[in-house]
Structures are given as C-alpha cells and as structure tokens.
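Chemist: With chain A held as given, fit chain B onto it using these hints.
Below are the chains, spelled out letter by letter.
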Amino acid sequence: MKRSNALAFMSIALLLGACGEKGADTQARGPDPKLPEQQRGLLPSMKIAEPTAWGEQKPTVPEGYSVTAIATDLQIPRQTLVLPNGDIIVAEGRGGSAAKLKPKDVIAGYIKAKGNTKVKSGNRLTLLRDADGDGTYELKTVFADNLNAPYGLAFANNKLYVANQDELVSFDYQEGQTKAAGAPASVAKLPSQINHHWTKSLAVSADGRFLYVGIGSNSNITERGMEAELNRAEVWQIDAASGAHKPYATGIRNPTALAMHPETGQLFSVVNERDELGPDLVPDYLTSVREGGFYGWPYSYWGQNVDPRVQPGDPKKVAAAIKPDYSLGSHVAALGLSFSQAAMGDKFANGAFVGEHGSWNRDQPVGYKVIFVPFANGRPSGQPIDFVTGFRDGDGKTRGRPVGVTVDPRGALIVADDLANTVWRVTRNR
Amino acid sequence: MSSVVTADSAYRSPPGRLHTILLAGIVPLFLGALLSDIAYYQSHQIQWSNFAAWLLAGAEVFCGLALLFALIKLVRAQRKGGYPLTYFLFLLATFVLGLINCFQHAKDAWAVMPAGLVLSAIVFVLSCLAAWVGLAPRTGGVQ
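Going line by line, the protein sequences match chains A and B. End of the first sequence = 430 in the numbering used here, gap-free, step of one. End of the second sequence = 1143 in the numbering used here, gap-free, step of one.
Bound-form chain A, shown alone (with noise of 0.2 Å):
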C-alpha cells in the first residue's frame, strides 16, 4: 500500500487584504506593466506553500523535453554550476541572522517556514558527474563544506569563486577534479551583519576580469532602520585579481541571480522587489544592469511610483530612479537566472530561464515554475512563456520550488529545488 504523506493543509488566506483579488492573470508582465494602487488591508495577504512530496509526479516540460531528478537528498540547493567538463556543482544552505525586532517576525518567520524544507543548511558544494554521458549523474560527492551558506557561482581564471553569504571566496580548480584541494582563498568581504535578504548572487565578465555579487537589502522596506542598509541593494563590481570592489548599481532591492548575456556582454539580473503594497505591487523584474545606476529601492518603485513607507523620504533620488527593463510580475521570486543557448531548441535558443521560487504575499499563488524570457536584439522581448511547471498543484500541495537555473551547453537546462531537495534536469528529445 502506498502511504499518503499529505501534510495538513496550510492555507493562511487572511482576507482583510485580499479583497478582489484575482489569479495570475492580474499580473503585469513585460516592459510596461500597468501598476494598480498600492493597498494593505490590516494583515496582509498571505498563501503559504503546502509541502508534499513528488512521489511518482515530476515537473511539467514542454512537448519534446523531458524531465529527470538527476539528484536528490541534498541539503537545501539554491545555485548551480556546469564546469567545461560537464560537471555540475551544487550550492547547498541557508544563511540569514537577522534578529526578530517585532512581536511580527515571530509569527511572520513561523508561517512562512511552514513552506519551506525543514532540512538543515548544507553549508557545502556538491558536485555530480555524468562520466559516459548517458544522462544519469552517476557521481555525486561533496567537492567542499564547511562554508557559509554558499550561493552565488561562477567559474573563470582556472577558478570556482563562490560567494558565501559573507565572502566571495575562490577554489583552484583542474579539470576533472571532485574534491577542492583546501580550504578557499579569501576574495573579498561582503555585507554580511543581519543579513535578512542574505543569498549572494555572482557573475563575472567574459573576461575574468570583474565578478559582480549582488547584494540584497537588510529588510522589506527599511523596517530595519536606515542604518542598517549600508552596502545593501547593491551590485558590487570586484576586481578578481586584487578583490578591491566598487558599488555597480545600487537602490537594487534583491538582486538575486546574475548573468551575463552571451553575446553583448551585458550584466542582467532578476530583482525581487518590496510586499506588503498589494497582491499586484509590486512587480519582480529582469532587467540589464547599468553602471552607476539607481534603481529606486528603497524611496520609489518601477521608476518615480513613491512609496509613502520610506521616511523621510528623498525626491532626488526618486528623480534618479531607472525603470527596469522587463516585469516577471509581483511576488513571483525570481530566484534563477540563464540564457540560453541554441542547443535547448529553436523556441528557447534565444533568450533567458528565470526560475520562480513562489509567492507567499498574494491570495493567489503565482511563480513556482521556470519560465522563458524570449530575446530580440540583446534585450527582453515579447511575453514569457512556461518551461517547467507542476510545482505546486490547484489545490495548493507544493511538491517543490524552483531557485537556480543553469543553462548546461550540451543542451539541458539544470534547476535547482529547494522544497523537495532535488536537482532537476530538463533536455531535449532527440
């Protein structure tokens, strides 16, 4: 007999926010969202994720993909990685030490945990190998631990930087190598105190020349105190070689995957943006990430939209602010970032995978899926379309939630599940 592991459902849909509000197709998406008035009831709107397990079910891909778990049991993976050889390294853990300032964090942190994995951080990379090729990841060993919470990846300079949610650190890497040599050099320090948004995302240029982390904001919407946002909502440009480092881009709220475009060379990012204005306010974006701009967090929104939240507030900065350049739409949290290349096929050759981990902050659930930005002439273009899906069902069982996304140039795209612990690998039909 198969026993049903259903957990009780979990269904915190307080409605003094939530009136009128509708599903995913209120949602703006693309470069010009229209933006509905800012709302908060007295609570606010909340559906937390229902965690089940996948059982026999697997993700959705679209006809002519299939979907296989290449590896499971993991302890939280967030990013990954594919090294020239076709390995994949694994970012595992969770970090965060910000205290609970309000009797709010308290019961905020217990329902919100109710949707995520109980297990605990890593703190390590995993590195899987398919050595012959046929698709099952044969291979998989701890290539590092004891770090601090891992996040962001990137591989350049015979080098795997990885960027903790302290420090972007650097492991000399050989081809074929399973197992780092030592412990990491140091690259350079990253904000790290309270740490409330503390995933470090990372890129580096085509080069190796420059890595860029991006760095979140210490609270929703300065609940924290001013004080407390130094350094943050930032993307850092760090030099590789000295680790001297300079803010990119700043007024970025969470900036939680980076990638490069392949052919322009532009720094692109997906941002998470603020709660608790609405189950349509206020949209995550994708956007390409300019040096010494400002993108309004935490005095305006979506360009000059204030919000009354922040005082004093400052209209010099609200005249800088820039309007990104693409919505994925509000409480998505855009968590993964990859463009594509021309082996994931003709329809997804061009463009970008943005994995969505799921809203909390919206009656009606939207994200928990991989979706497809199509590009035209180096910029976003057009409506997104659905990749992988199936994460969570209409009856609200969340059997995973998708966080990093990596493109592998042999044609599959790799995705990262935090919920269910899984790494999921989707490849063209041949």
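Everything labelled a hint here was simulated from the structure, so no lab data went into it. The structure presented is a predicted model; accordingly, all values stated were derived computationally and were not measured. It is possible that part of the hints are untrue.
As the list claims (entries may be wrong) - With a Cα cut of at most 25 Å, we get these calculated SDA-like pairs of lysine to any residue:
id : chain 1 : residue 1 : chain 2 : residue 2
1  : A       : Lys104    : B       : Leu1092
2  : A       : Lys104    : B       : Arg1076
3  : A       : Lys104    : B       : Phe1103
4  : A       : Lys100    : B       : Trp1048
5  : A       : Lys140    : A       : Asp172
6  : A       : Lys100    : B       : Leu1117
Modeler: Structure of chain B alone, referenced to chain A:
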C-alpha cells in the same frame, strides 16, 4: 486579609491581587507604546516603533487576562448592570482596539503611521478609563 463576603460585594468589591496587577499593568504599557509612537513620529528612528510594538503586545497579554477576570466577575455579579458591566465594556474596548493597533504596528516602517499613533492615544485613554472604573475603591460593605 481576604475580603469578607457581603451582600453587595459581588459587584462592589475591587478586583483581587492578580487581577489588580494585570489591570494596573496595562496603563503604563499602553502609555509606553504611546510615548514610543510619539518618539517615532518625531524622530523617524525605527527602534521606537519596535518598542511600541512590543509594549503593545505585552499590554494585550495583560489586558486579555484582565478581561477574563472581568468577565468572570461580570458573570458572578448578582446585579449585571452598573459597575461590573461598565468596567467590562471599557476593558473589552481597550482589548479590541489594542489588538487592531497591534496589527497596525505589524506594518513595515512608516506604514504604521499615522494610524498607529492615533490608535495608541485612544487605547491609552480607554485603558485609563477601564482601570479607573475597575480599581474604584469600595464604597460600601464591610472593610
């Protein structure tokens, strides 16, 4: 030590010790929340808002327990009108508005304002009224 039971004590006797501590406690707690809100309103320093949120939470715990005592007192009162009812209603209003104020204070940063400050002022006045009525000295019966 303990009060002697008389015919009118059920609605005239002041609350017991624990009840008194709880009821008297809400006054400084709600006052602290109000003062913290004023400080946040004037300084924009978020820590004052955090203080206000915790003081309110504490006040609500005290107020909720005191409300329970007040309810028992009301149920056991021989004459339901007058003092036990007035006291209960003041305390109930304090608790309900205080709870709304807690949710108001759960909003982020300046979203608390100005409604949080206004509510804190109203709730403080209500808590004073509740305590004023609830702790009224005995006016009759055996001492």
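Chemist: So, for every hint listed, does it hold in this structure?
Modeler: The hints, checked one at a time:
1. A:Lys104 / B:Leu1092: holds, 23 Å
2. A:Lys104 / B:Arg1076: Distance of about 37 Å is beyond 25 Å: violated.
3. A:Lys104 / B:Phe1103: holds, 8 Å
4. A:Lys100 / B:Trp1048: Roughly 15 Å separates the two Cα atoms, so the pair holds.
5. A:Lys140 / A:Asp172: holds, 20 Å
6. A:Lys100 / B:Leu1117: Since the Cα atoms of Lys100 of chain A and Leu1117 of chain B sit roughly 22 Å apart, the hinted pair holds (cutoff 25 Å).
In summary, the structure is inconsistent with hint 2 from the numbered list given earlier, while agreeing with all the others.
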